[in-house]
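Chain residues, written in single-letter form:
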Amino acid sequence: MDMIVDLTRLKPGEEGVVREIIGGPGLIRRLENMGIRTGRKIRKMSSHFWHGPQTVQVGNTNLALGYGMAKKILVEVER
Amino acid sequence: MKKILLVGNPNVGKSAIFSRLTGVKVVVANYPGTTVEYTKGKTRLLGEAVEIIDVPGIYSLSPTCKAEEVAVKMVSEADVIINVVDATNLERNLSLTLELIEKGYPVIIALNFWDETKHKGINIDVDKLQELLGVAVVPTCGLTGAGIRELVMRMREAKPGKKVDIDYHLRWQKIGEIVNQVQKLTHHHHTFLQILEELSIKPFIGLLLAFFVIGISFVVIRFIGESLINYILDPAFENTWRPVVTKISQALGGKGLVHYILIGNLINGEIDFGLSFGLLTTGLYIPIVAVLPYIFSFYLMLGILEDFGYLPRLAVLVDNLMHKLGLHGYAIISMILGLGCNVPGALATRLLENRREKFIASTLMAIAVPCMAQIAVIVGLVGRRGFLPLGTVFFTLFILWVSLGFMLNKILKGETPPLLLEIPPYRIPILTVVIKKLSWRIKGFLFAAIPYVLLGVFVVNMLYALKVIDFLAKIFTPVLKNIWGLPPSAISALLVGFLRKDVAVGMLGPLNLTTKQLIIGSVILAVYFPCVATFVVLTRELGIRDMIKSAMLMIVIAIIVGGILNLIL
Chain A
3 MDMIVDLTRL
13 KPGEEGVVRE
23 IIGGPGLIRR
33 LENMGIRTGR
43 KIRKMSSHFW
53 HGPQTVQVGN
63 TNLALGYGMA
73 KKILVEVER
Chain B
19 MKKILLVGNP
29 NVGKSAIFSR
39 LTGVKVVVAN
49 YPGTTVEYTK
59 GKTRLLGEAV
69 EIIDVPGIYS
79 LSPTCKAEEV
89 AVKMVSEADV
99 IINVVDATNL
109 ERNLSLTLEL
119 IEKGYPVIIA
129 LNFWDETKHK
139 GINIDVDKLQ
149 ELLGVAVVPT
159 CGLTGAGIRE
169 LVMRMREAKP
179 GKKVDIDYHL
189 RWQKIGEIVN
199 QVQKLTHHHH
209 TFLQILEELS
219 IKPFIGLLLA
229 FFVIGISFVV
239 IRFIGESLIN
249 YILDPAFENT
259 WRPVVTKISQ
269 ALGGKGLVHY
279 ILIGNLINGE
289 IDFGLSFGLL
299 TTGLYIPIVA
309 VLPYIFSFYL
319 MLGILEDFGY
329 LPRLAVLVDN
339 LMHKLGLHGY
349 AIISMILGLG
359 CNVPGALATR
369 LLENRREKFI
379 ASTLMAIAVP
389 CMAQIAVIVG
399 LVGRRGFLPL
409 GTVFFTLFIL
419 WVSLGFMLNK
429 ILKGETPPLL
439 LEIPPYRIPI
449 LTVVIKKLSW
459 RIKGFLFAAI
469 PYVLLGVFVV
479 NMLYALKVID
489 FLAKIFTPVL
499 KNIWGLPPSA
509 ISALLVGFLR
519 KDVAVGMLGP
529 LNLTTKQLII
539 GSVILAVYFP
549 CVATFVVLTR
559 ELGIRDMIKS
569 AMLMIVIAII
579 VGGILNLIL
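Chains as they are written, first to last, in my numbering: chain A, 3 to 81; chain B, 19 to 587.
Hints were generated in silico from the structure; no laboratory data involved. A few of these clues could be false.
[What the hints assert, rightly or not] Partial list, derived from the structure: chain A residues whose beta carbon lies under 7 Å from chain B:
| no. | residue |
| --- | --- |
| 1 | Thr10 |
| 2 | Pro27 |
| 3 | Asn35 |
| 4 | Thr40 |
| 5 | Ser48 |
| 6 | Phe51 |
| 7 | Trp52 |
| 8 | Gly61 |
| 9 | Asn64 |
| 10 | Leu65 |
| 11 | Ala66 |
| 12 | Leu67 |
Just so we're clear, the structure is a prediction, and the values are computed from it rather than from any experiment. Even glycine gets a Cβ: it sits at the ideal position worked out from N, Cα and C.
Make a model of the complete structure from these sequences and hints.
If you want it as C-alpha cells, here you go:
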C-alpha cells in the first residue's frame, strides 16, 4: 500500500518518492538545488538520536538535513 | 586582461583546477565550502596573459545569501566562464549550467571527477551532451591534471550566446531530458568505500568510528611529532647549532645587552635552548624544534582526513551536541581548522549562516581552542610534569568550550539554523596532492611564525632590559598574584601572548613555576586574548562591535577560570 509520510518516518534503507515540500520558496529552492525535488527518488540512510540530523541519498548525492527540515519533506512509500 | 572565472556547485573541484591552471597555491579539500574567499591568479594561457578567479561554490544564479550575490555579480563580468561540473552528479549540477547558458554567458564545461564515473557505473556521452548544450564539454580530473590541457585549448570556443528566458520548472524538465539522453547507469557493486560511507553516518557505528578516527589521529600526530623532535630536530640542533651559538656567546663575553638579546641568560654557565630566551637560542628553538614537528604531523593528518572526505561526516555526527552550543554540526570544521591555527578557523566561520552563530563559533574557538603551535609548547612544557597536569589543561579548556557555548546559546537571542549539508563521497587521498598541501601549510607557518616569534622574543628582552616588565609586574600584581597565584613576572608571558602564543607559553619555562602555576598559566594564555593575527582576522569577520564583546568575554573568563583553578587545584 502506498502511503505518505514525512522524511523522518522513513526507516534507514527505505526508499520513497518526494511528493511535497512544505516550506517557503527559499527552502524549496535550496532543497531543489541540492537534489531534493518533487518526483525524485529518495533513500533514507540514517537518522540520529534525539531528533538529530537525517541523512538521505538522492541520485548520487548524500545529504544531511536537520530534523525540522526533514519533517517538511513528504515522501510516498510503499509499505 | 581577460578574466576567466571558475564557477560551479560546492565541492566539484574548482580549486584543484584553479591551481592546475595557475600554479597558485590554494587549499583544496573534500568538503563543500573550502574556498571562502575569491582567489585570483595571473597566468599565461595560449600566449595570452589572463586572470583566473576561483569563485566559491554556488548552486544557482538566483542568490540566496550574501556570498552568492557577490558570485553572481562577478559572473556577469567574466570573459570566459569555466563551469566545473561534477560528472557523478550530472543532474543536479546541470541546473547552474543551464542558467549560465540561458543568460548568454561565454561558457565552457569542465566535466570533473571524470575518473570516478567509471567505477560508479556512470556512462556519459560527452559528444551528445556537447550537442544538446551547444557549448564545449571537456572531461577533466583536476587532482591528477587529466584533461586540463584540452580545457585550455578549447577555451576559445566559449562565446557569448543568445539570452533566453526559461521558466524555472521547465528547466528541471529540460535537465531531465538531457540526462536521459546522455547518461546511462549500469549496475555496480558497492565498493568498500561506499560501504564505509554508509557506516560512518550511522548513529552508533558512526560514533564508534569517529572515536576511532580521532583516537588514531591523536596517536599518530603525537608519535610523529615526538619522534621528529627527539630523534631528528633536537639532536640536529644540539649538534650543529649549539657549537655556533656557544662561540657567539663566548665572543660576546657571556654578558651584556647584546648577549642578553641574542643569546639570553646562561643557565649554570650554559645555553639552554628552552630557557635562555635569546633570539638565536630559544627564539629559533621554539618555532623550529618544538613547534614545527607538530605542525607537520597535524597538517599531514588533517590533509588526509580532509581529502578523504571524513570531516562533513563528523559534522553530521556532532550536530546534536553542537546545537546545544548554539551551533550546527558544520561549525566543527572551524574548530578543527582552529586546532591547527586560529586564523583559518576564523575564516571558516563564513560557512556559518548567521551573525549569532559566527559570534558563538569565533568566541568559542578563540577562547577554548588553542592552536597547534601553542599545544606543542604546552605538551613540551607541562607534559614534563606528568600526564595529569597536561590532561588538566586540556580538560579545563574542553569544559570551558562546552559550558561557554551552552551559556551563549541560552543568553543570546535567536535560533540556530538547521543543518543542510552535502556529504561528499570518500576519495582515496592522492599522495602528491596531500604532500603539496602540507608543504604550503608548513611554508605558511614558517614565514608567518618565525618573524613573529623573533619579534616577540626581542620585544620582551628589550622590555626586561628597560625594566618595563618590572613596572608592569607591579601594576598587575593584584590579578596575577592574588587571583591567579602566579608570580608577577608572568606578565611578560601575557604581553608576548599578543604576538605569539607559543613563545608566551615557552616564557613560563624560565619562571620556575610550580606544577599548579604552570597549569593555570597555560590555561590563561590560551583563553585571555587571541594572538594578533587571529585578532585582525576576527575583527574583519565579526565587525568591531562583536569583536569588542568577544574580547571582553575572553578577559573576564580568563580572570574567572584562572581564579577557580587557583582555588580548586
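Comparing the hints with the structure gives:
1. Thr10: This interface hint is violated because 12 Å lies over the 7 Å limit.
2. Pro27: violated (10 Å)
3. Asn35: holds (4 Å)
4. Thr40: violated (9 Å)
5. Ser48: Holds - the Cβ of serine 48(A) comes within 7 Å of chain B, reaching about 5 Å at its closest.
6. Phe51: At about 6 Å, which falls below the 7 Å cut-off, the nearest Cβ of chain B leaves the hint on phenylalanine 51(A) intact, so it holds.
7. Trp52: holds (6 Å)
8. Gly61: OK, holds: glycine 61(A) within 7 Å of chain B, min 6 Å.
9. Asn64: holds (4 Å)
10. Leu65: holds (6 Å)
11. Ala66: Given a least distance of 4 Å, the restraint on alanine 66(A) holds.
12. Leu67: With a minimum Cβ separation of about 5 Å from chain B (threshold 7 Å), the hint on leucine 67(A) holds.
Violation of the numbered hints given earlier is confined to hints 1, 2, 4; the remaining hints are satisfied by the structure.
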